[in-house]
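Peer 1: Which chain is which? The protein sequence lines are A, B and C, in order. Each residue of the first sequence is one higher than the one before, counting from 0 in numbering that gives the first Met the number 0. Each residue of the second sequence is one higher than the one before, counting from 0 in numbering that gives the first Met the number 0. Each residue of the third sequence is one higher than the one before, counting from 0 in numbering that gives the first Met the number 0.
No wet-lab data here; the hints were simulated from the structure. Treat the hints with caution; some may be incorrect.
Short, incomplete list of chain A residues facing chain C, as computed with Cβ under 10 Å [what the hints assert, rightly or not]:
(1) 62
(2) 93
(3) 106
(4) 119
Please read all numbers here as calculations on a predicted model, not as lab measurements. Cβ coordinates follow ideal geometry from the N, Cα and C atoms, glycine included.
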Amino acid sequence: MSDFLRSYLTVAIFGLVGFALVGAFLGLGRLLRPDKPNLAKTEAYESGVDPTGDMWSQSNIRYYIFALLFVMFDVEAVFIFPWAARLEAYEIFGLIEMAIFIFILLLGLLYAWRKGVLKWV
Amino acid sequence: MTDFLNDWGLTAITFVPLAGALVMMLIPRDNEGAHKQISLGASLLALALGVVLLFDFDYGSAGSLQFVTDEKWIEVINSRYILGLDGMSLPLMALTVLVMPLVFIYSWNHIPEPGNGKAFLILMLILETGMIGTFVAQDLILFFVFFEVVLLPMFFMIAVWGGPNRRYASLKFFLFTLFGSALMLLGFLALFFLSKDPATGELLRTFDMRALTDVAGAGIVRSSQLLIFGGMFLGFGIKVPLFPFHTWLPDAHTEAPTQGSVILAAILLKLGTYGFIRIAIPMLPEAAEAWAPWIGLLAVIGIIYGALGCLAQTDMKRLIAFSSVAHMGFVMLGIATLTDFGINAAIFGMVAHGLITGMLFFVAGSVKERYHTLDIGRLGGMLIQAPRLGWILGFITMASLGLPGLAGFWGEFPAILAAYQPANGIPVETFRTYMVIAAVGTVLAAGYLLWLLQRTAMGEPSEEFADDPNITDVSRIEWIAWTPMLALILVFGVAPGLIFEITDPAVVESLNNCLQLPAGCEGVAEATQAAFGG
Amino acid sequence: MLALLAQQVPDFVRPDIDWHAAAPELTLLTFGALVTMMDIVWLEKGRKLTSIVASIGLLATMVPIITLAVDGADRSMFGGAFVVDDYALIMKAVFILTGYVVILLSTNYIAEGDYWENEYYGLLLSSILGMILMASARDLITIFVALELLSIPAYMLATWRKRDLKSNEAGMKYYLMGVFASAIMLYGMSLLYGGSGSTLLTDINESISGPGDPSAVVVLGIIFVIVGFAFKVSAVPFHTWAPDTYEGAPTPITAFLSVASKAAGFVALMNMLFVGFFGRDDVYEPVIWILAALSMTVGNLIALRQTNMVRLLAYSGVAQAGYMLAPLAVAGDVPDSALAATVGYLVIYAAMNLGAFAVVIAVARKTRTAEIDDYRGLFHWAPGLTVAMTVFLFALAGIPPLGGWWAKFRIMGAVIEANTAAGVVMGIFVAVNSVIALYYYARIGVKMWAEPAPDDDTAPVRVPVSLTSALVLTAAATIAFGVLPGLVGEVTKVSLLAGVGG
């Protein structure tokens, strides 16, 4: 077996063990716990609030837009961290590259701001 | 001037009509008089150039190309802008430049419904460029482009200015011909990629028709040759049209406006037969030999089928259309013999059929204009009501059925004769059988044409039209448009050598290049020369 | 931890950037940013200017493309992941000019409707940016990034008529199918990377094109990648999104999708076939052959029964994609001819198809629909448009002397030149299909010319200046390509094989 495939074997074993553990604990719990079903236990949230209406209720679109903006800057961070770690090696070239990258993202943020996305009315 | 003529004469004659069309596009539609003048002027200019070329043509060497233009065109595929004229294309080019002005003259007061003379005349000028170009092009791609340029104008002429069933007829015409030409193009491409120089064995990679005729399919394996010929056969055969691809023709003719029918019959059908003798046969003689019996078979079926079809028609235009199928059958039979004699007859047949059937459609158009019907059963007594029209119809019917002394005879009779002794390698018995069948065909032709004449021209005028003031005799415009054609039918009938002398050297040239003319045939070739005063 | 990471990676070598080679992309990026900035500064007040700025941006991008073409040298960056050669330049020019015509088509359409205008042009420019990047991409990652950059804006543009249900359907179908295709392609790419250990197409080629049978991983990778692009170019059986999307999207965007987006798919496919998979024609030729034959036949047969002009053009586009695929089915036998044929077809197709859509947009200004029956009697109230439409339709059908004949001719030339049974059969497929296609094109011609207008309504239609100039440009190009085919013939004499050993 080639090295390449061997490294996948590790992943495969790891995955199998993971599944086996989850299965083992759930199965063990089932064996040990008492089994007394009632209606309250089947509700979506057992937080004391009675669920009303349909499961497919609409949530405000603004949550979605904020989530999108969040993802945008999250991804930005993913790129910035490794860049920061190697900034000395990249020198001024890297600085300019990152400036352009952030500028384009910033344009997006400015756009969102001017279009009133950031206001929660 | 002579230099210009030699180098650019053919380019000029080809594109003069197109230039006229471009000028007309700039003039508003309302000014119909100007459009008629320009279109007629452009076609007359082409005719004048044609006459100059006729005079300048070196008849001593009619076998070789003259007025050759050879310029760069599409370098990537080594296709060149080559034009040239030899004895084979000269009669057909002359026919085109002669017939077109007559059609424009006829259009002077015959713009068909729904009017819009501007578009109608522009389309006819584009058509003329396409047809002349096809006859003088000496490069396969150039030939193909001109061959296809003809399609669109004709399609629109039928679709817009045609009869009640025009949409069906125009689409059928278009689809049939395009189907053939698409496969023909595949054949051209295969020739391009497969032809080899017989001396060096190198690939030629050229579309130059002269070079391809010279190598005559050398280096192409027989099975490929047969396939390539098959593609061209479909392309040209549909255009001719050979039985069983003829079904578009009666529809197209019946629905087309008079001018469209005349052009279609007089010139367009010849593009197909011309393709056979200019391209398919000289470039692939071996395959031609193998295909010849089948072509001959379809030709004689066409002769008989066309004749029987005529007998069943009640519509005058449809009858003439079926008679076209029969007449083109004679032309194809002549070609299928692959002899000098037969092919000469075929070219004569093309010219004669162009003049005669063109005239028949002119007369049919005039009859329709007067009687508003072409139903043979309702017509009658034309000789009494419009005697000159009746006599003209009589004259061309006689020419069409092949009366000796008129042009039709020299197309049919030698073709039948040639079938007696086809080229070497072609089954003689088969062709002798064809000959007999074709001879029966001439009798049938006499039958249906005389029947047509009798029903329409003779007898008493039917009651329905007896006092119709619309029915007048031949008008001045009609006389101007028709006289040249009528005269030529007579002239060529009396002196067929006028055409045979021009075509024969070119035919011999193109056949000699490719076929080792068999001993038996040389005799016929000599006989031809002797018979027609060569 | 970070220090540890820094120790392990090799020293950073500053990539050599050839600013001239990257100039087209950078120019377009600048103008894209400019369009957005205009919106940030002026908001609605900048509306009128955006289409002008966007078209200036495209014309400005043509400048470096022309200087690069004059310069003539092949340029390569990032270890061969970004290549500027004649092929790339031609395709870039096609994308830019197509984009320009699309802006001409859009100007009045977007301004007169209830649409976001600024974003429209911004997204259009970024989509075109993805396309010109694609023309240079010779690396799996670059190709994928370019593909997403051109696709994602296009998904949004397809839904631009947001109050129209059909437009929503259009965008949704396009989006779902596109993402699905991307996923399949990405899987194929990962297999190829796994099989060869590199994302560079030249490296991939070196590792997979050796003699002997290819490994199963490579075969699967190649097929998945081709299937992914088959979605993009709407080849049968992956065409199902096209008619609905074309019908629902705003018509200028339909034109954009059917020309530019399709061309981008073909560019990527050609990059893959001619650089990455070259020498593995035993794998890709049969797949492409089947796709090509199916596309042209099924596309044409379904087009016969359409009653809506845009849907008809969609199915005819499917068939046209089949024609363009045809030479790629013999790409291994006659690479140069096949490439020239497909590139030439793309160039000519862009002119004639954009023109056809320009007429559709112009006619819809009066009729408000694209039903074929509304084209009846067009000649009586819009003779100019009728002549233009006739030119474009018969060019698409391939009738000389209009542009399309040369395109089809090169296709037939390439498949016949291959001199294989598959090639000849493909040639016959193309020939027969041209005839089927002619039926529906000619039928529209008859309707326009020979039938009376519905309700005898012959009020003329006002065609705005920008639309007229788009019509004139495309019609002139369509006719010029047909009469002087040497024009296209010369510029498409390109080669993609420079980087491949052997």
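Peer 1: So, for every hint listed, does it hold in this structure?
Peer 2: Hint by hint, here is what the structure shows:
1. This hint is violated: residue 62/A has a C-beta 20 Å from the nearest C-beta of chain C, more than the 10 Å allowed.
2. For residue 93/A, the suggested interface contact is upheld, since its CB lies about 8 Å from the closest CB of chain C, less than 10 Å.
3. Here the hint on residue 106/A is kept, as its CB sits about 5 Å from the closest CB of chain C, short of 10 Å.
4. Taken as an interface hint, residue 119/A does not check out: its beta carbon lies about 20 Å from the nearest beta carbon of chain C, beyond 10 Å.
Of the numbered hints listed earlier, those contradicted by the structure are 1 and 4.
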